[in-house]
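Participant: Sequences listed follow chains S and H, in order.
To convert, note that position 199 of the first sequence is 199 in my numbering; the numbers rise steadily by one, no gaps.
To convert, note that position 12 of the second sequence is 346 in my numbering; the numbers rise steadily by one, no gaps.
I should point out that these hints are in silico values taken from the structure, not numbers from a laboratory.
Certain hints may be false.
[What the hints assert, rightly or not] Where chain H lies over chain S, by a calculated footprint (3+ residues, C-beta under 8 Å): (1) 154-164; (2) 252-265; (3) 280-286.
By construction, the Cβ of each residue, glycine as well, lies at the ideal position given by its N, Cα and C atoms.
So you can see what is in the structure, the chains are spelled out below.
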Amino acid sequence: MADMYQLASASLDPLFAAITASGRRILAPTDQDGRTELNPVTRFGQVAKDYVQTTLSAKEAVFPKVEQLLSYTLLPGKVDLVDAEPAAVPTVVFGIRPCEASGFQALDAVFNWDYRDKFFNARMEQLTVIGMGCTRRDDACFCTSVGGGPGSTRGSDILLTPTASGYLAEVQSDKGRAIVALAAKLFTPAAAADKSMLVALPAAFDQPALSAKLPAMFDSPLWAEQSLRCVGCGACAFVCPTCVCFDIQEEADTRQGRRLRTWDSCGYHMFTLHASGHNPRETQGARWRQRIYHKFSTYPERYGQLGCVGCGKCTRACPVDMNLQEHLVEASQA
Amino acid sequence: MELREKAKQLLESGEVKAVIGYEPGTQGARRPAFASSAARTGRLGFEGEQNLASYVTRKEVKRLGRVAVAARPPVLRALLQLMAERQIKEQEVLPLVLDADGQVQELATAQAMEEHLALSPQQIPARDRELMDRLGGMTRQERWDFWQGELSRCIKCYACRNSCPMCYCEHCTMDCNRPQWVPVPSHALGNLEYHMVRAMHLAGRCVECGDCGRACPVGIPIHLLTFNAEESVHAQFGQRAGASSKLDYALSTFRPDDKETFIR
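Based on the sequences and whatever the hints tell you, model everything.
Facilitator: Quick look at the structure:
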């Protein structure tokens, strides 16, 4: 059971001051020439006022687009190898939506599956998520079709829900309680949860039914048809809060080198290209099917959760409007 | 006759295997649409943004057979340039345009395409021209800083390359890993080298549709680099990509009467 508090609108400025004074970095949506980006801020006034979502996801905070894993120098008769240490700083991600907040659990499922990833975990341990419930939505949103909701607390250490006078604060974890302790007098205990300002979003398809029928749809012509307009870029995967695939790159000369981890995408033809020249996912249709299957079939089977939070970032970022919700509805009806 | 009727007719008669146009998408967007049967033509229209010529070189689309394409001027220019570069043949693609009376017209030959294009002069949109002028007025250092700032947002998703009708290479240099010419990671050097290579590769080949910039999810005006390269080829060599199906590539063509003496 979450601790519930009321937080006045005017309390966010002192709360930001208290968080900053505690040595934590705050990342929040900001408006940069019309682009909504997650950037470091110190004052609540810097936070974007009217946004549905940031373009990129907050996964950057724990899984950056490029990360050094190790470096080495070749010396006469030996190799001097240095393991990189993650630059993990205490961070509060403020104002991301409940869909995105729950995305961290999908990343966690992979980064702690059969191996504990040092880099991801070091950053997760330092991360506190203050989510913000949604009073607005757009046509790309479909969280309620995949088990989420505009007021879902999943993944948030504190979820703020806008109310007439300020915010309802639902404190979910010790990390959340640590934030409350920084400025306890700003938080007034709340008797009831007022969620009347949350936007309504009816579910668009029956996800369990879709996941159940996917295994039998592998050879359906639907995937090739849906993917005809897909240009095969990686925008969807890179903005996705749950897409976790990475590539390992070696940057080296004859004397020294470093190993880097970078984002990768199953939409690329190179993703599965074998050294022999054979490609098991030769067409964009096969790659698009993989994207759907990994999120709605493989993930539930392997990790007991979905690999999609319904945030719609992929739909908004796609240069050719590969609307994910629409494609899932179509697959549900096929 | 509207595009959907024309499309229906072409598909029913078997003249083409698919018609590529646009349809309404999310939040008022106009997105590319493929109609491969008469029953699927109901939402097709001419208005939309992605340059549809980027599809006709794709394996998945080539396999369909002859396709008709709703062709705004930048699409026509890209199709002509693809012909000049011997990537498509006249008979493989049937461009459809609206004539002055609002009728759908088939442009079955390169000559017909060139003539139609001559009716609408190629123009860089005012907003882009303004920014190009501003960049042109900057010192080298200021310009360098501007692009460093813009490219710092790049995530190397390749939406720019993959949306570009002239980026049809089956094996892009960026994907070449034996040897690895350009760093894959999206760090400062990887981003800079990628965009410089792409701009250079499009000099004299860019049809100035601006789709690379439109496709960018993080809003980098990356099309200005290829526009600038293209404008500079035009100024130096007096030709424009996409003007004709018989265009020699300015940067790899030797002419005995070249104005430069060092080349002779």
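Participant: Are there at least three residues in the region 154-164 of chain S whose beta carbon sits under 8 Å from a beta carbon of chain H?
Facilitator: Since 0 is below three, the answer is violated.
Participant: So is the region 280-286 of chain S in contact with chain H by the C-beta rule, three or more residues under 8 Å, or is the coverage claim wrong?
Facilitator: This one holds; 3 residues, not fewer than the three required, reach chain H with a Cβ under 8 Å.
Participant: Examine the region 252-265 of chain S for residues whose CB is less than 8 Å from any CB of chain H, and state whether their number is three or more.
Facilitator: holds (count 4)
This entry does not satisfy hint 1, going by the numbered hints stated previously; all others are met.
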